[in-house]
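S.K.: All you need for the numbering used here is the position in the sequence shown, starting with 1, plus 92.
Think of the hints as simulated: they come from the structure by calculation, not from any bench. Beta carbons: idealized from backbone N, C-alpha and C, even for Gly. A hint or two may mislead.
Here are the simulated EDC-like cross-link-like pairs (lysine to aspartate or glutamate), alpha carbons at most 16 Å apart as the crow flies [to be verified]:
1) K378 x E307
2) K177 x D324
3) K246 x D210
4) K251 x E283
5) K378 x D308
6) K246 x E211
7) K117 x E153
8) K333 x D301
9) K251 x D278
10) K364 x D301
11) K117 x D362
12) K369 x D308
13) K117 x D353
14) K246 x D215
15) K294 x E361
Here are the simulated distance ranges between beta carbons [said to hold, decoys possible]:
16) R285 x S224: 16 to 26 Å
17) D188 x N352: 23 to 33 Å
18) K380 x K331: 34 to 44 Å
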Amino acid sequence: MHHKISLFLFVFSMISISVTAQIVKPPIGRIAIVADGNSPDPDDLGGTAISIALLRAAGLENRLVHYSHSCDLVRDDRISEKAEKERHHLMQVACDMTARRWGGFEQLTFYDAIWQKDETINDLAWAINASSAEDPLWIIEAGEPDIIGMALKKTPNEKHQYVKVVTHHPANDNAGDFYTWQQILDFGIEEVRIPDQNIKLKVDIEQWDWAKNHEDSRIRLIWTIGNIAELDNIVNFQKGKWDCSDAGMILYWITGANVNDGLKQGGIEDVKNMLLKYINKNPEIKRKK
Numbered sequence: 093m094h095h096k097i098s099l100f101l102f103v104f105s106m107i108s109i110s111v112t113a114q115i116v117k118p119p120i121g122r123i124a125i126v127a128d129g130n131s132p133d134p135d136d137l138g139g140t141a142i143s144i145a146l147l148r149a150a151g152l153e154n155r156l157v158h159y160s161h162s163c164d165l166v167r168d169d170r171i172s173e174k175a176e177k178e179r180h181h182l183m184q185v186a187c188d189m190t191a192r193r194w195g196g197f198e199q200l201t202f203y204d205a206i207w208q209k210d211e212t213i214n215d216l217a218w219a220i221n222a223s224s225a226e227d228p229l230w231i232i233e234a235g236e237p238d239i240i241g242m243a244l245k246k247t248p249n250e251k252h253q254y255v256k257v258v259t260h261h262p263a264n265d266n267a268g269d270f271y272t273w274q275q276i277l278d279f280g281i282e283e284v285r286i287p288d289q290n291i292k293l294k295v296d297i298e299q300w301d302w303a304k305n306h307e308d309s310r311i312r313l314i315w316t317i318g319n320i321a322e323l324d325n326i327v328n329f330q331k332g333k334w335d336c337s338d339a340g341m342i343l344y345w346i347t348g349a350n351v352n353d354g355l356k357q358g359g360i361e362d363v364k365n366m367l368l369k370y371i372n373k374n375p376e377i378k379r380k381k
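Turn these sequences into a full structure, and let the hints guide you.
M.R.: Here it is in structure tokens:
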């Protein structure tokens with residue numbers, strides 16, 4: 093009986109390893125993320141934390157060459173100046189603290205697209221300039237397209253054929269104050285469009301109790317950051333919800349994108365499985381008292 097149980101556990105572990113290997117199959121190239129979070133909808137808080145954690149869990153943290161937030165360059169009247177300032181700080185914390193706790197992003201600067209506008213555009217332009225057929229750049233449009241447009245304008249036309257912009261929602265595409273979505277397409281980039289990720293990744297907050305109550309503080313940190321959006325009190329449509337919808341584009345890229353048949357409609361279980369596999373394999377180092 094003991095041998096049968098041991099054999100079962102061995103086979104089960106081999107299957108788990110096989111499944112994990114099949115899930116993580118990104119296309120060639122690097123990835124850049126342009127998020128907002130300073131706009132009225134605070135979902136980028138959870139989306140940012142999950143995106144960073146997913147890349148680390150997949151072992152792809154070195155492929156992330158640009159991350160900027162607060163890309164909504166003109167403040168919406170639905171959010172006050174004071175609340176807008178809060179959001180900038182919260183988004184920076186979501187970036188820096190998640191990256192520090194999960195590790196692996198020491199080479200990266202997380203930019204505020206308004207407060208560090210020139211640096212943000214230059215950093216994304218550098219990533220575009222480094223692109224080639226063998227090393228394309230995948231830009232995740234997790235906010236308005238203006239920063240992407242400004243970086244594209246600053247770079248040679250011949251580089252744009254190696255840039256792919258991943259999008260999941262017209263609310264981002266059509267919200268630019270300086271660039272329309274058609275103008276982004278006119279640069280000659282490749283549009284990679286997937287379904288609305290809110291469908292499976294904006295869920296009742298109770299579905300995240302597994303993270304809220306997890307023994308590993310890295311998981312609880314993610315839950316805390318995402319929960320701020322529910323408590324933010326600027327918009328009503330996040331009440332009772334835990335939303336990491338933009339991270340669905342990261343999940344899609346990690347699992348193959350449009351090259352290797354990536355997961356177009358990932359859900360909470362997909363996120364949970366990937367994060368917990370990493371946590372189980374890389375347990376938290378406890379500080380000595």
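S.K.: Could you run down the list of hints and mark each one as holding or not?
M.R.: Hint-by-hint comparison with the structure:
1. Straight-line distance between C-alpha atoms of K378 and E307 comes to about 12 Å, which keeps the hinted pair within the 16 Å bound.
2. Between K177 and D324 the alpha-carbon distance is near 13 Å, which keeps this suggested pair within the 16 Å criterion.
3. Between K246 and D210, the direct Cα distance comes to roughly 11 Å. Compliance with the 16 Å bound is thereby established for this hinted pair.
4. Taking the CA atoms of K251 and E283, the gap is near 15 Å; set against the 16 Å cutoff, the hint holds.
5. For a cut-off of 16 Å, the pair hint linking K378 to D308 stands: about 10 Å separates their Cα positions.
6. Only pairs whose Cα atoms come within 16 Å are accepted, and K246 paired with E211 is accepted, the gap being roughly 13 Å.
7. In summary, the hint linking K117 to E153 is supported, as the alpha carbons are separated by about 14 Å, within the 16 Å threshold.
8. The suggested pairing of K333 with D301 holds, with an alpha-carbon distance near 12 Å, which does not exceed 16 Å.
9. At most 16 Å may separate the alpha-carbon atoms for a hinted pair to count; K251 and D278 meet this at roughly 13 Å.
10. Taking the CA atoms of K364 and D301, the gap is about 11 Å. The hint holds against a cut of 16 Å.
11. With a C-alpha separation of about 14 Å, the suggested pairing of K117 with D362 holds against the 16 Å cut-off.
12. Of the pairs offered as hints, the one joining K369 and D308 holds, with about 12 Å between alpha carbons and a cut-off of 16 Å not exceeded.
13. A C-alpha spacing of about 9 Å is found between K117 and D353, which places the hinted pair at or below 16 Å, so the restraint holds.
14. Between the alpha carbons of K246 and D215 the distance comes to roughly 11 Å, so the proposed pair stays at or under 16 Å and holds.
15. The hinted pair formed by K294 and E361 meets the criterion: a straight-line CA distance of about 13 Å does not exceed 16 Å.
16. Hint check: R285 to S224, Cβ distance near 24 Å, so the stated range 16 to 26 Å holds.
17. Judged by the Cβ atoms, the range 23 to 33 Å given for D188 and N352 holds: they are separated by roughly 31 Å.
18. The hinted range of 34 to 44 Å is satisfied by K380 and K331, whose Cβ atoms lie roughly 42 Å apart.
When the structure is compared with the earlier hints, no violation turns up for any of them.
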